[in-house]
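Read in order, the letters of the sequence shown correspond to residues 1 to 565 in our numbering.
Don't read these hints as lab results, they were simulated from the structure. Among the clues, some could well be false.
[Unchecked claim] Label pairs and their computed distance ranges (CB to CB):
| hint | residue 1 | residue 2 | range |
| --- | --- | --- | --- |
| 1 | E300 | T191 | 25 to 35 Å |
| 2 | Q222 | D88 | 26 to 36 Å |
| 3 | V290 | G84 | 27 to 37 Å |
| 4 | R563 | V404 | 25 to 35 Å |
| 5 | G305 | D497 | 21 to 31 Å |
| 6 | V404 | D497 | 37 to 47 Å |
Note that beta-carbon positions come from the ideal geometry of N, C-alpha and C, so glycine has one too.
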Amino acid sequence: MRLRALLDTDALGLKLLGGEDELDRTVRGVMTTDLRDPSRYLSGGELVLTGLAWRRDAADSEPFVRILVQAGVAALAAGEAELGDVPDDLVVACARHRLPLFAVHESVAFATVTEHVVRQVSGERAGDLAAVVDRHRRMMTSGPAGGGPDVVLDLLGSDLDLRAWVLSPTGRLIAGSKVAGSAGSRGAGPTLPADVCARLAAEQLAAARTGRRGPHRVTLGQTTYSLFPVRSSGRSAPSARDVRETVLSDWLLAVEADAGDWAEERLDLLYGVTQLIAVERDRRDAARTVRRRLAQEVLELVQTGAAPAETAARLRVAAPVLLPGIGTAPHWQVVVARVDWDGGEVEGGPVAQSLLEEILVDPAATGPEHSDRIAVAHTGDEAIALVPLPAVTGEHDGSGTGVVADALLESVRDPLTAGLNDDGRLTLGVSAAVHSAEGLRGALEEARHARRVAAARQGRVCAAGHQELASHVLLLPFVPDDVRRAFTARLLDPLRDYDRRHRAELIPTLEAFLDCDGSWTRCASRLHLHVNTLRYRVGRIEQLTSRDLSRLEDKLDFFLALRMS
């Protein structure tokens with residue numbers, strides 16, 4: 001298509017700011033970017049869409065435009081949503097380099113421009129993909145019932161004779177084109193073995209970290225695959241200045257073919273397909289907003305010490321969203337993850353959040369919708385998942401049910417290690433299950449402490465569960481006697497002195513309280529005390545030691561001190 005055709009479409013909301021003499025240029029594709037140097041992702045002929053997040057001051061416009069011109073792009077379209085009017089320095093730089101410049105009105109989403117260009121370009125270059133684009137447009141207007149990425153992949157198979165799959169960065173199968181003759185098997189597709197999915201994801205992540213341009217060709221056994229990254233296309237996507245911000249969340253399109261022999265037009269078709277699939281990924285991310293907000297609200301209540309009744313009310317709101325139709329309040333587990341990058345320039349929290357949302361999906365599940373049962377918040381470099389478990393009958397201690405730390409990373413360790421490369425690390429901790437709002441604060445501290453246990457281990461991807469916290473007892477015989485005496489004296493001597501003077505039995509109360517896992521009712525029953533009397537004694541213990549028995553770290557210190565004494 002020609003550039004001037006863009007101005008004839010009112011729905012695109014484009015305004016020409018310069019380059020009237022260049023409007024007969026041919027547009028061969030479209031790319032959204034806010035990288036300061038996107039050259040490695042450009043092949044020439046693209047309409048480049050940008051939100052201008054790369055621009056910090058007027059001096060940035062000249063080098064950015066120069067890079068685009070050297071890459072041979074057709075034109076630049078700048079969004080007005082962030083800065084209002086397009087800056088004059090960008091207009092001048094584009095005029096100097098004869099690069100056509102459009103302004104995109106703030107009411108128009110980049111995804112709208114992307115879909116229009118892909119539809120037009122693909123329709124002109126190859127009629128066989130026009131059906132894919134048209135079907136996708138109808139799917140977009142009809143909602144998720146339209147079939148998601150499977151629709152596009154099925155038409156790739158029927159119209160282009162290509163077998164293809166969409167994979168998550170951990171190697172989970174999201175969609176696949178159907179086997180010929182299996183019309184009733186939507187999404188079942190030609191099955192890729194789990195180990196092949198993991199290998200393909202690892203290869204794509206490793207290639208992305210080295211900055212190699214795609215598609216990336218991988219031969220496994222006798223089969224060659226070509227891997228195309230599927231990057232977010234919407235305006236809601238973060239403007240990544242560093243590949244590490246998105247590498248662990250990008251989907252990939254794996255095609256059973258050697259793209260090294262393809263004509264440029266055929267490559268363009270596949271890149272157009274990745275842009276269509278990216279729209280579906282954006283929709284999936286938007287659907288997670290409610291669950292993320294629920295997790296953030298519950299987390300803030302727990303961390304600020306809100307009344308259990310208030311937290312319980314928020315959990316009652318969350319339960320139907322995360323486990324619709326269960327009828328009763330579930331049990332909950334807390335999973336804490338942290339991604340650390342060398343140098344600290346890249347914030348790890350959003351990366352950890354995206355990873356947890358992916359890792360906590362059942363590895364046997366296919367399709368993007370199975371993450372709808374997970375709520376993940378993030379704060380700083382830490383992500384916290386609230387995982388609902390259907391309520392069970394009788395006493396529940398979390399053993400044998402729910403999320404298990406070791407199993408959680410078993411199938412994703414290799415792909416994530418490739419994505420983390422030599423400068424990133426993922427550590428993860430899992431709590432036991434709790435059945436009330438009152439237990440969530442302890443579960444959060446337990447998961448955080450388990451994550452710190454995982455961080456002490458070797459490896460790029462490490463996890464620890466609540467069961468492993470008891471292993472601290474194994475270290476006690478190796479603690480020097482003088483260290484043991486100093487540690488126990490600092491914690492327990494104030495209590496012993498108080499007991500001698502007042503016969504208050506604080507030490508026996510502390511032991512019983514820890515044995516009862518901090519349960520006020522069970523501990524009071526064991527000691528034959530009123531709960532208020534027990535609260536007074538625990539308050540006195542905290543006052544004398546300057547510790548907080550609601551904190552996991554302080555509970556653990558008291559536990560070790562009693563064991564060493």
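Quick rundown of the hints versus the structure:
1. At about 43 Å, the beta-carbon gap between E300 and T191 misses the expected band of 25 to 35 Å.
2. Distance hint check for Q222 and D88: the Cβ-Cβ separation is about 58 Å, which falls outside the suggested range of 26 to 36 Å.
3. Range check, V290 to G84: about 30 Å between beta-carbon atoms, so the 27 to 37 Å window is met.
4. At about 27 Å, the beta-carbon gap between R563 and V404 stays in the expected band of 25 to 35 Å.
5. Look at G305 against D497: about 30 Å separates their beta carbons, and that is inside 21 to 31 Å.
6. Between V404 and D497 the CB atoms are about 44 Å apart, so this pair conforms to the stated range of 37 to 47 Å.
Hint check: violations occur at hints 1, 2; the rest are consistent with the structure.
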